[in-house]
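2 protein chains.
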Amino acid sequence: MAVLHYTLDFKLRAPADVSATVRGLQSIFQEQEMTENVHDSEGQGYLATFVGKNGRFAILRMHSHGLVTFDLQCLEGDDVVQVDNLLNALEKKLKALLDGNIQRIKRLPALIRGSDVDRYWPTADGRLMEYDIDEVVYEKESAYQNIKILHSLQFGNMLILNGDVNLAESDLPYTQAIMGSGKEHYAGKEILILGGGDGGILHEAVKLKPKMITMILVQDCVPVLKKFAEQGRTFDYVINDLTAVPISTAPEEDSTWEFLRLILDLSIRVLRPSGKYFTQGNCANLTDALSEYEKLLGRLSCKVDFSKEVVCVPSYMELYPF
Amino acid sequence: MAVLHYTLDFKLRAPADVSATVRGLQSIFQEQEMTENVHDSEGQGYLATFVGKNGRFAILRMHSHGLVTFDLQCLEGDDVVQVDNLLNALEKKLKALLDGNIQRIKRLPALIRGSDVDRYWPTADGRLMEYDIDEVVYEKESAYQNIKILHSLQFGNMLILNGDVNLAESDLPYTQAIMGSGKEHYAGKEILILGGGDGGILHEAVKLKPKMITMILVQDCVPVLKKFAEQGRTFDYVINDLTAVPISTAPEEDSTWEFLRLILDLSIRVLRPSGKYFTQGNCANLTDALSEYEKLLGRLSCKVDFSKEVVCVPSYMELYPF
Chain D
0 MAVLHYTLDF
10 KLRAPADVSA
20 TVRGLQSIFQ
30 EQEMTENVHD
40 SEGQGYLATF
50 VGKNGRFAIL
60 RMHSHGLVTF
70 DLQCLEGDDV
80 VQVDNLLNAL
90 EKKLKALLDG
100 NIQRIKRLPA
110 LIRGSDVDRY
120 WPTADGRLME
130 YDIDEVVYEK
140 ESAYQNIKIL
150 HSLQFGNMLI
160 LNGDVNLAES
170 DLPYTQAIMG
180 SGKEHYAGKE
190 ILILGGGDGG
200 ILHEAVKLKP
210 KMITMILVQD
220 CVPVLKKFAE
230 QGRTFDYVIN
240 DLTAVPISTA
250 PEEDSTWEFL
260 RLILDLSIRV
270 LRPSGKYFTQ
280 GNCANLTDAL
290 SEYEKLLGRL
300 SCKVDFSKEV
310 VCVPSYMELY
320 PF
Chain L
0 MAVLHYTLDF
10 KLRAPADVSA
20 TVRGLQSIFQ
30 EQEMTENVHD
40 SEGQGYLATF
50 VGKNGRFAIL
60 RMHSHGLVTF
70 DLQCLEGDDV
80 VQVDNLLNAL
90 EKKLKALLDG
100 NIQRIKRLPA
110 LIRGSDVDRY
120 WPTADGRLME
130 YDIDEVVYEK
140 ESAYQNIKIL
150 HSLQFGNMLI
160 LNGDVNLAES
170 DLPYTQAIMG
180 SGKEHYAGKE
190 ILILGGGDGG
200 ILHEAVKLKP
210 KMITMILVQD
220 CVPVLKKFAE
230 QGRTFDYVIN
240 DLTAVPISTA
250 PEEDSTWEFL
260 RLILDLSIRV
270 LRPSGKYFTQ
280 GNCANLTDAL
290 SEYEKLLGRL
300 SCKVDFSKEV
310 VCVPSYMELY
320 PF
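Protein chains in written order, with numbering that gives the first Met the number 0: chain D, 0 to 321; chain L, 0 to 321.
One or more hints might be untrue.
Where chains are identical, the list cannot tell them apart; a pair therefore holds if satisfied intra-copy or between any two copies.
What the hints assert, rightly or not - Computed list of lysine-lysine pairs in DSS-like fashion (alpha-carbon distance at most 30 Å, straight line):
(1) Lys52 x Lys182
(2) Lys139 x Lys92
(3) Lys307 x Lys182
(4) Lys105 x Lys226
(5) Lys91 x Lys139
(6) Lys307 x Lys206
For the record, the hints were derived by calculation from the structure and aren't laboratory data. Remember, it's a predicted structure, so these values are computed and weren't measured experimentally.
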């Protein structure tokens with residue numbers, strides 16, 4: 000059973016009269032038969048909590064710098080009309096009590112906490128996103144990672160690896176972008192796919208009648224690339240769909256950066272001189288990491304040109320460079 | 000000054016031993032010099048609150064159905080490392096105490112409450128979305144609506160009317176879709192734009208060398224359309240960018256539906272027989288409202304054919320039919 004967590008915030012232009020406001024709200028909590036507890040806030044404004052029936056719990060804070068925050072936690076299955084009425088009554092009363100002093104009123108959609116279907120999957124740059132997920136299709140803790148397939152009403156089935164949205168049925172723009180956005184001629188060409196385990200690239204590439212697609216299945220691609228390089232085996236296209244650019248350039252990410260460098264160097268060795276290498280970046284907002292990656296491209300064993308394209312991948316809810 | 004609201008939830012397979020868990024966590028709160036208050040939860044599990052220094056306030060609930068929720072509210076400018084350490088210590092300890100009984104641990108990005116720049120703009124179907132907004136460029140309460148221009152790192156400037164994301168600099172796909180996605184030949188044609196006050200459609204349409212673009216500026220388009228109909232003035236294209244399909248089909252939305260019907264009927268009257276009418280729908284998840292709109296199209300004064308296209312408009316963070 001989930002907990003619904005409602006918030007209602009009043010941002011004020013100036014600090015409000017605490018005792019008048021608190022007195023004005025009292026009847027609302029009394030009507031709801033909520034037991035009040037005023038806390039010693041150690042000089043940080045007014046702080047009261049309220050325990051109600053059916054597990055309802057509320058917090059009212061009036062910060063001395065001019066912000067009123069209200070929280071209401073209810074159990075899933077609680078009477079929605081009653082809960083709505085409480086929030087409406089409180090908003091109306093606070094509007095009247097704080098009239099002329101209100102800069103902004105904000106009432107967010109309730110946070111759904113502990114539900115069977117987890118709807119919150121933050122962006123790569125750490126912003127809160129609520130998806131329209133209605134079903135857990137598959138979940139497994141594999142030897143390598145946590146694997147989930149969740150169903151989104153808009154995006155269809157979504158593959159989520161270690162909490163990171165990988166690809167959804169809506170995300171053909173991802174696959175098109177990592178293949179060069181329709182500007183390449185794959186017919187008769189040799190393609191090497193690194194990663195791409197969801198099958199999206201393979202599915203699109205076969206339609207374009209290439210001579211051969213080589214896809215390295217569930218194994219470490221590094222020894223395979225090394226073998227290809229030693230054998231002098233080359234490709235017209237290398238499509239690296241292994242991993243995004245690391246989120247940060249902090250030292251603890253060094254091994255991932257090292258891995259990226261290694262893959263890039265080996266890929267260049269198996270590319271024909273006229274060949275092309277395609278890969279994903281990461282969320283457009285991770286500018287430090289993305290420019291670090293671009294610097295890397297200037298330090299490869301041979302000189303390369305590169306260009307980038309920023310794409311809207313539906314299920315990512317953020318712009319994504321390729 | 001904003002309040003940062005952190006949450007940390009443990010969804011359990013079975014109810015946990017309350018007293019052992021609470022005892023196990025005690026040292027963490029003591030180290031943080033937080034004053035504990037155990038509340039009578041009226042039989043709904045364990046409920047304690049903690050007041051700490053600098054305005055910190057925490058809530059620990061152990062629900063009897065097997066869910067542990069933890070909330071921590073801090074003032075903006077609080078020591079981030081200390082706050083992180085508290086959350087990390089708590090997560091680690093709870094992991095140890097509840098070992099073997101954990102179905103899911105969820106720690107969301109902190110809710111930022113009452114900040115100068117409001118980053119939360121829910122989708123049309125009521126889901127919580129945090130935008131990467133870093134600046135309020137413009138804000139005005141006009142005689143008609145609340146007008147905001149906010150700057151998003153990814154999407155550029157965003158126009159928000161009455162809390163509803165209208166259009167951002169990233170949203171050329173919106174304008175392209177409402178103009179027929181590049182499949183129309185506007186050269187030499189007569190175009191009527193209803194709404195479109197952000198100028199996006201006009202900006203794209205003039206590039207296509209139409210004979211004439213008529214755009215009804217800040218006024219009610221109904222009398223203008225009626226006058227055109229009476230005069231027998233007709234157009235090759237009517238592009239209705241006035242308002243989205245109402246979110247619900249509930250009675251209180253009746254006047255908006257009536258308005259949509261009226262606009263549709265008048266538009267058909269000023270369209271040439273070979274003419275086309277383009278408009279936006281609303282969030283793809285509002286299936287009831289969208290099919291209500293499609294039904295409307297079958298009840299117009301003359302028979303019409305229609306088709307729809309679902310587009311990813313970057314700043315909407317939801318799929319959108321046109």
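Results of checking the hints against the structure:
no.: 1; hint: Lys52 x Lys182; result: neither (63 Å within a copy, 59 Å between copies)
no.: 2; hint: Lys139 x Lys92; result: between (49 Å within a copy, 25 Å between copies)
no.: 3; hint: Lys307 x Lys182; result: both (13 Å within a copy, 27 Å between copies)
no.: 4; hint: Lys105 x Lys226; result: neither (59 Å within a copy, 42 Å between copies)
no.: 5; hint: Lys91 x Lys139; result: between (47 Å within a copy, 22 Å between copies)
no.: 6; hint: Lys307 x Lys206; result: both (24 Å within a copy, 26 Å between copies)
In the structure shown, a violation is registered for the earlier hints numbered 1 and 4, in ascending order.
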